[in-house]
Amino acid sequence: MDGLQLEAGEVVAAREDVRSMPVFTGSGGEYFRIWIVNLLLCLLTFGFYLPWARVRTRRYFYRHTLLDGEAFDYLADPRRLLVGYLIIGAFLALYLFGDLIVFGVTLVVVLLFGLTFPWLRYKSFGFFARNSTWQNLRLRFTGRLGDAYRIYLGLMLLIPFTFGLIYPYIAQQSNRYLFGNLGFGAWQGHFEGRVGTFYAVYLAAMGIFIGLLFVVVFAFLGLALGFELLTVDAVANGGAAGDDAEVEVDVAWLPVVGLGLVFYGVPLAVLTGVGVVIRNHCWNHFELRQIGSDDARVRFDSRLRVATYLGIFFSNLLLIVLTVGMFLPWAKVRLHRYRVACLSVFGTEHLRATVAAAGSEVAAIGESASDLLDFELGL
Amino acid sequence: MEPVAGRYYDGRRAEARDVVVSARPGHELRIAAVDGADEWRVPWRAIELEPALGRLPRRLRLADGAMVEIAAADLPQAWLRSLRGSRHLALVHWLESAWFGWSAAIVGVVVLGVLLVWVGLPWTADRVARQLPPEVSQRLSSEALILLDRRMFEPSQLPQERKSALRAGFAELVERVDDPTPYRLLFRHSRVGPNAFALPGGEIIMTDQLVELLGGDPDASVAGDAALYLVMAHELGHIHHAHGMRLLLQRAGLAVVAAILFGDISSAIGLAAALPTLLDSGYTRAFEFEADAYAARVGVAGGLGVEPMVAALSRLEAVSGQQPLPWLSTHPASAARIEALRRAAADAEAR
Numbered sequence: 001m002d003g004l005q006l007e008a009g010e011v012v013a014a015r016e017d018v019r020s021m022p023v024f025t026g027s028g029g030e031y032f033r034i035w036i037v038n039l040l041l042c043l044l045t046f047g048f049y050l051p052w053a054r055v056r057t058r059r060y061f062y063r064h065t066l067l068d069g070e071a072f073d074y075l076a077d078p079r080r081l082l083v084g085y086l087i088i089g090a091f092l093a094l095y096l097f098g099d100l101i102v103f104g105v106t107l108v109v110v111l112l113f114g115l116t117f118p119w120l121r122y123k124s125f126g127f128f129a130r131n132s133t134w135q136n137l138r139l140r141f142t143g144r145l146g147d148a149y150r151i152y153l154g155l156m157l158l159i160p161f162t163f164g165l166i167y168p169y170i171a172q173q174s175n176r177y178l179f180g181n182l183g184f185g186a187w188q189g190h191f192e193g194r195v196g197t198f199y200a201v202y203l204a205a206m207g208i209f210i211g212l213l214f215v216v217v218f219a220f221l222g223l224a225l226g227f228e229l230l231t232v233d234a235v236a237n238g239g240a241a242g243d244d245a246e247v248e249v250d251v252a253w254l255p256v257v258g259l260g261l262v263f264y265g266v267p268l269a270v271l272t273g274v275g276v277v278i279r280n281h282c283w284n285h286f287e288l289r290q291i292g293s294d295d296a297r298v299r300f301d302s303r304l305r306v307a308t309y310l311g312i313f314f315s316n317l318l319l320i321v322l323t324v325g326m327f328l329p330w331a332k333v334r335l336h337r338y339r340v341a342c343l344s345v346f347g348t349e350h351l352r353a354t355v356a357a358a359g360s361e362v363a364a365i366g367e368s369a370s371d372l373l374d375f376e377l378g379l
Numbered sequence: 380m381e382p383v384a385g386r387y388y389d390g391r392r393a394e395a396r397d398v399v400v401s402a403r404p405g406h407e408l409r410i411a412a413v414d415g416a417d418e419w420r421v422p423w424r425a426i427e428l429e430p431a432l433g434r435l436p437r438r439l440r441l442a443d444g445a446m447v448e449i450a451a452a453d454l455p456q457a458w459l460r461s462l463r464g465s466r467h468l469a470l471v472h473w474l475e476s477a478w479f480g481w482s483a484a485i486v487g488v489v490v491l492g493v494l495l496v497w498v499g500l501p502w503t504a505d506r507v508a509r510q511l512p513p514e515v516s517q518r519l520s521s522e523a524l525i526l527l528d529r530r531m532f533e534p535s536q537l538p539q540e541r542k543s544a545l546r547a548g549f550a551e552l553v554e555r556v557d558d559p560t561p562y563r564l565l566f567r568h569s570r571v572g573p574n575a576f577a578l579p580g581g582e583i584i585m586t587d588q589l590v591e592l593l594g595g596d597p598d599a600s601v602a603g604d605a606a607l608y609l610v611m612a613h614e615l616g617h618i619h620h621a622h623g624m625r626l627l628l629q630r631a632g633l634a635v636v637a638a639i640l641f642g643d644i645s646s647a648i649g650l651a652a653a654l655p656t657l658l659d660s661g662y663t664r665a666f667e668f669e670a671d672a673y674a675a676r677v678g679v680a681g682g683l684g685v686e687p688m689v690a691a692l693s694r695l696e697a698v699s700g701q702q703p704l705p706w707l708s709t710h711p712a713s714a715a716r717i718e719a720l721r722r723a724a725a726d727a728e729a730r
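So the protein sequences, as listed, match chains E and L.
1 is the number of the first residue of the first sequence in my numbering; add one for each residue after it.
380 is the number of the first residue of the second sequence in my numbering; add one for each residue after it.
Think of the hints as simulated: they come from the structure by calculation, not from any bench.
Positions of the beta carbon are idealized from the N, C-alpha and C atoms, including for glycine.
Just so you know, not all the hints are guaranteed correct.
Claimed, not checked - Heads up, incomplete: computed chain L residues facing chain E, CB under 10 Å, no partners named:
hint, residue
1, A393
2, I449
3, A452
4, P455
5, S465
6, A469
7, V498
8, V515
Said to hold, decoys possible - Take a look, some chain L residues computed to stay more than 12 Å from chain E by CB distance:
hint, residue
9, D389
10, V413
11, R438
12, L545
13, P561
14, V689
Full structure from sequences and hints, please.
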């Protein structure tokens, strides 16, 4: 990532834009109380409170995330989310149980979901943007539905024919679709994330994954061989078999549990690492340009470190398991705080006092559309 | 009424303005810029107060898209009483803020969570399983059998007359339990050693290895194939109580609950994946006890008792040997099962 950081640094030096560091002012303890009450109400209402819980949680994180001392806000109407959740829930229920009632339903549901997925994506990006505000000004999303179908249906269908090699391109296009179509007031997002970088990241991840898998498999073979010897030994000793069998019983589950953790942990670590690198790349190649002017730009610089991020992620996971889930609010705050701390924004002073141009009308039209999937960009 | 300090955002400009806010509650809000340049008057009905959240400043949304932010502590009580939205989620905010409120929420979540997992889900799954038409479990059965035959089984190598004898005994057993389900007894040579399976549609599969291990018991205290018939009765119990379908439904329910509780954070994936597995083994063990109780009733009614089953359990444990971790196991430890079996038999005899 050094190259990317250097690049961002050069730009900054040239333009002398003011650097703003977003801050997160929330706390794990305070969020815990919101979380536990949300849980209680979800349980009491058989899950129907979920949209209200989601909005409250997101509002807590947005309102405590400050850029230039000004908070973000999340204004979604939970009743809208409820409609979306019910539709997704119906899909899921049909997928899980459809075949029990009428054979073949699952296949139809999968096809139907594949066909509606691009539309859901398109809708949820719009919903997310429209309901996110900074200084009481809504973001907007101006992506076209056709592009959503090209990326999330057309390109996706090519995955099997290209043996998955098209996937990094899809990831790049997907990020371009979101970032490049974001707008704020008189500002329009531009995304310059490079396809080459996406390929480099995914191929490197593939290499690391295969390498780690080899290590794991060989370690397992070694362990298995050890146990084989132990068993043979037990049989050979005959008379003392009882005692030896006891030993075997006590340790037999170790490789199983260890293997499960590693086979589960390796892909999770690689995927999370990919997410971190891609996230940096996307932010570092995203900028806001003033519509009708080439002069002022707002740039972003994300410097998440893979090792630090994975450290937080896996220690969170461990603590969540050890506390039967109770650590979850602190885990979420920790991760969010780190993400925010690694982001810098250059040139926010240009954003101030810019009048919303096309933004307000777009928001008004979009507002009347029904919104389905909830989507999180995560600042 | 004392005016309060606030920040005004017009919704068109990314810029905050320091303002002084005063009001005639119920009538009008007056917002004056500190620099004296502007003043806005807003009818009381055109204002909506956003729900309180932690100690964050309160936001008043005005009908024209503007917003005024006022520190929570500064907001006069008189305004709160009449502002639209001021009671919205007020109880939720009280629960979150008051010591008593969130402590009660912790207790509530633990109690409700346990109730949901141990009572609510099993009860619902039981009800739903009973409502499903029999074709559903029959189709599930035939699909499962195809899969099992491909992965786990080979054709049985038992002599024909042995199978016929056992089938005759099985038919007698089925007649005694008086159940409309079309039960069938199947034999298979297994790659997994001695075992018996029940499929939800009514098929009971016994492996050759199990028949060889438990049949014609040389133990003088046990008559002939009694242990085998009790194992059959145990599997009949599984089918009678629709355990297969209930397990399927309970698993789906658990997955949904886990998704709702932990779905909003990726680092919870681990817990969401591990928790159902742990609880799942709890469910299957409960089913084993239920099937054992059924077998005990059938055994006592048929004059077989439960002792052959007790002997069979010890024998099976000796053969299969290692029980990994008791709480990860799908079958309860033999000692506990034997005790429960004898208790169930005593109950059946008392009746």
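Against the structure, the hints come out as follows:
no.	hint	result
1	A393	holds (4 Å)
2	I449	violated (14 Å)
3	A452	violated (16 Å)
4	P455	violated (22 Å)
5	S465	violated (17 Å)
6	A469	violated (13 Å)
7	V498	violated (13 Å)
8	V515	holds (5 Å)
9	D389	violated (7 Å)
10	V413	holds (17 Å)
11	R438	violated (7 Å)
12	L545	holds (32 Å)
13	P561	holds (19 Å)
14	V689	holds (22 Å)
Taken one by one, the earlier hints fail for this structure at numbers 2, 3, 4, 5, 6, 7, 9 and 11, listed in ascending order.
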